[in-house]
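The sequence shown begins at 1 in full-length UniProt numbering and counts up one residue at a time.
Capping the alpha-carbon separation at 25 Å, the derived lysine-lysine pairs in PhoX-like fashion look like this: (1) 259 with 534; (2) 579 with 188; (3) 411 with 457; (4) 320 with 260; (5) 382 with 457; (6) 51 with 654; (7) 660 with 743; (8) 509 with 342; (9) 309 with 595; (10) 655 with 668; (11) 255 with 200; (12) 279 with 320; (13) 756 with 717; (14) 56 with 654; (15) 279 with 309; (16) 320 with 259; (17) 465 with 486; (18) 715 with 743; (19) 320 with 292; (20) 62 with 654.
It is worth saying that the hints were derived from the structure and are not from the lab.
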Amino acid sequence: MRNFEYETASSFEEASQLIRENSDGKAVALAGGSDLLGVMKESILPDYPAKVVDLKGIDEGKDIKETNGTIEIGALVKLSDAASSDLLKEKAAAVAEAAHSVASPLIRNIGTVGGNLCQDVRCWFYRYPHGVGGRLDCARKGGEECYAIQGENRYHSIFGGMKTGLSQCTRECPGGTDIPGYMELLRKNDWDGAANLIMKYSPMPMITSRICPHNCQTRCNQNHHGEPVNIHAVERSVGDYILEHMDRFFPAPEKETGKKVAIIGAGPGGLTAAYYLRKEGNDVTVYDRMEKPGGVLQYGIPHYRLPRKYIDDYNDALKKMGVVFKMNTEVGKDITVEELDKEYDALYFGTGAWKQPILGLEGENLTEFGLNFLVDVNTYLKKAIGNEVLVCGGGNVAMDVALTAVRLGAKKVRLICLEQRNEMPASPEEVARAEEEGVEVINGWGLSRVLTDESGKVTGLESMKCTSVRNELGRFDPKYDYNEKKVFSSDYIILATGQRVDISFLGDKFSAQLKSSRGLINADIESSKTDNPKIYAGGDAVTGPNLAIQAIHAGRIAAISINRDLGVSKEGIPVPDNKRIFFEKDRVTDHVSNKLPEKPLEERSLTEEDTMSFDPATAVKEAERCMNCGCYSVNASDMSPVMVMMDAELVTTKKVIPAKDFFTRKLKAYEMLEPGELIKEVRIRPMEGYTTGYDKFRVRDSLDFAIVSLAYAYKLKDGVIDDIRLVLGAVAPVPVIKDDVAKFMIGKKPTKELAKEAGELAVSDAVPLRDNEYKVAEVKALIGNLVERMSLQ
Numbered sequence: 001m002r003n004f005e006y007e008t009a010s011s012f013e014e015a016s017q018l019i020r021e022n023s024d025g026k027a028v029a030l031a032g033g034s035d036l037l038g039v040m041k042e043s044i045l046p047d048y049p050a051k052v053v054d055l056k057g058i059d060e061g062k063d064i065k066e067t068n069g070t071i072e073i074g075a076l077v078k079l080s081d082a083a084s085s086d087l088l089k090e091k092a093a094a095v096a097e098a099a100h101s102v103a104s105p106l107i108r109n110i111g112t113v114g115g116n117l118c119q120d121v122r123c124w125f126y127r128y129p130h131g132v133g134g135r136l137d138c139a140r141k142g143g144e145e146c147y148a149i150q151g152e153n154r155y156h157s158i159f160g161g162m163k164t165g166l167s168q169c170t171r172e173c174p175g176g177t178d179i180p181g182y183m184e185l186l187r188k189n190d191w192d193g194a195a196n197l198i199m200k201y202s203p204m205p206m207i208t209s210r211i212c213p214h215n216c217q218t219r220c221n222q223n224h225h226g227e228p229v230n231i232h233a234v235e236r237s238v239g240d241y242i243l244e245h246m247d248r249f250f251p252a253p254e255k256e257t258g259k260k261v262a263i264i265g266a267g268p269g270g271l272t273a274a275y276y277l278r279k280e281g282n283d284v285t286v287y288d289r290m291e292k293p294g295g296v297l298q299y300g301i302p303h304y305r306l307p308r309k310y311i312d313d314y315n316d317a318l319k320k321m322g323v324v325f326k327m328n329t330e331v332g333k334d335i336t337v338e339e340l341d342k343e344y345d346a347l348y349f350g351t352g353a354w355k356q357p358i359l360g361l362e363g364e365n366l367t368e369f370g371l372n373f374l375v376d377v378n379t380y381l382k383k384a385i386g387n388e389v390l391v392c393g394g395g396n397v398a399m400d401v402a403l404t405a406v407r408l409g410a411k412k413v414r415l416i417c418l419e420q421r422n423e424m425p426a427s428p429e430e431v432a433r434a435e436e437e438g439v440e441v442i443n444g445w446g447l448s449r450v451l452t453d454e455s456g457k458v459t460g461l462e463s464m465k466c467t468s469v470r471n472e473l474g475r476f477d478p479k480y481d482y483n484e485k486k487v488f489s490s491d492y493i494i495l496a497t498g499q500r501v502d503i504s505f506l507g508d509k510f511s512a513q514l515k516s517s518r519g520l521i522n523a524d525i526e527s528s529k530t531d532n533p534k535i536y537a538g539g540d541a542v543t544g545p546n547l548a549i550q551a552i553h554a555g556r557i558a559a560i561s562i563n564r565d566l567g568v569s570k571e572g573i574p575v576p577d578n579k580r581i582f583f584e585k586d587r588v589t590d591h592v593s594n595k596l597p598e599k600p601l602e603e604r605s606l607t608e609e610d611t612m613s614f615d616p617a618t619a620v621k622e623a624e625r626c627m628n629c630g631c632y633s634v635n636a637s638d639m640s641p642v643m644v645m646m647d648a649e650l651v652t653t654k655k656v657i658p659a660k661d662f663f664t665r666k667l668k669a670y671e672m673l674e675p676g677e678l679i680k681e682v683r684i685r686p687m688e689g690y691t692t693g694y695d696k697f698r699v700r701d702s703l704d705f706a707i708v709s710l711a712y713a714y715k716l717k718d719g720v721i722d723d724i725r726l727v728l729g730a731v732a733p734v735p736v737i738k739d740d741v742a743k744f745m746i747g748k749k750p751t752k753e754l755a756k757e758a759g760e761l762a763v764s765d766a767v768p769l770r771d772n773e774y775k776v777a778e779v780k781a782l783i784g785n786l787v788e789r790m791s792l793q
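Given only the sequences and the hints, what does the whole structure look like? Please build it.
Printed below as a string of structure tokens:
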């Protein structure tokens, strides 16, 4: 056991202060110690307390008494004293029975009521990690995965799990999309629900699913077992479903706000902001210098990756909602920011990165800018090109350029980049696709100068060896070996080494007000607000060149801020809630993903999409591989189901908390307490006329861990159930209140038939895991036994 500070307290208030003084959150309270000392000794947690504050010297909190008809149980009452209390046996028998059911006499003589109420789980992977080969940082301990999903789960939940925080895939998604949430809805075949959930984060999944590098898949916990869930392919099917029902998902607003908002830039960020702003009833006008809306989506991404019908359909949906587009209008020339500022209540700048960076390369004027190259091809679907093309760059744009050059008919296409293969910013599948079609990828070379013949015609590129791309801080800072150079022959060189942002359209007045030291618009990333209260900005204009999904997220953030500041709506980006979650036990161990169907190599072209979407059945099948990561352990406290059932109140050093809230709102009940806040006592009003009790199924009496437990209270009148309360324990991460079963039983006589029907109803929403279906039978048995005892009264 590691060293720690030890302090004694003479009152709850003193103990609370001692814990609060330890500002790093590593001070804990010691009541009985049966749980805490074991946790520390067995090296279960990744972080350990630096200070232990002993509560055993506190005189208050050790009594059980009745005051004005309320039973008060001190938090420091030993479980053995609660079990033997005549007051509890007479007026709250369930509490005494639950206390008596805890483990052995030794543990009951040490453990306290308060300690049991704040007890953590009894999970194999949480408590006994060394038994499976070393400490496992499970999801409940701050790790990434609940190992019960794919491993041992005989003692785990049969009523689903609970989130421990944002899932890793959601964390990795720049848009913060609740990926497990819509996967779960798809498993229920609720396509409308899945579509609506995605659209809370992004209104264009039909587009992002086709172009996003899907970083989310790199953090999918299925990677630990096989292939990740094919998230972008499932999202694509939902996006296609939205396209098929556009009127349903893009309705015109029910009312107008009278507020006018101008959006400058019809790229992914601007089109996103337009949707959320118009949805709330604002008058929205989008300005862009290009002929068609879409920005980089329309002009910078090849048709074979993103057919234009998806962009056009999305824009048509916005128009039907009432969004006005003013295309071929360049802000700063055709209309000034000053004019827009006078006409509109708010402005959003969502301009992209279209400007070519100047590299200072000798002969740079003889090369083609990668983005311009794609714009030309995407506009006209043809372009004169050399026989031997050299593409410079290592990102997805460079891959698009190289593959487009191949499909235009270049005889030889090579791509050079600074990065080594494992450092390339391009996604591995895009690199693989380019190579599949004949692109030669050459890593570790930088640009020196463009070579020409006597007539000035390009003949190649002199390159120098790149020894490192980033410095020790991880910043882009390439280093070269100038003595090692190489010439790559080429008659057509395309530079796809990045883009720059141009904010000259702001003009002198607003440039002075909004321009940052980096030459970008200075705006708060969290709110999109600038120093001008009417102006908001996001995406490339604020961050520099970035992913489309980043721009979409920025557009969403801007719309939230604008709607709030205009007094239109207080809606924010939703946060995945702590509802009960489930996964598909029969499919989650399938470690091979479903792949999107692809066209044969010989059938691929510039104009037709290379891949085809999943059919609905396959999309659901792939969604069933989602582990819906969370915690699927069960609550260990014997006392908590009873406290919930009896509507107890927990009195702390700061407030009074209803037991139902304390034990069911959060995964870890003690997280309902603020730092330093301690439970002082429990208050229970006796349930006059009720029979209360606590039943527990366990492996053997000497073990305190409940396999299934049932806290109950009932009242009979003339042989009929007049009222009943049922709360299950050890079957989910929190106590499970069975109000539906109670409602069904009220007014009926306790019979064998009722016992069977009530038992079946109690488990009708159970979703047992691979190895714990026996718990379903135990729930039915506990309820059956209760009904049988009732029938004998």
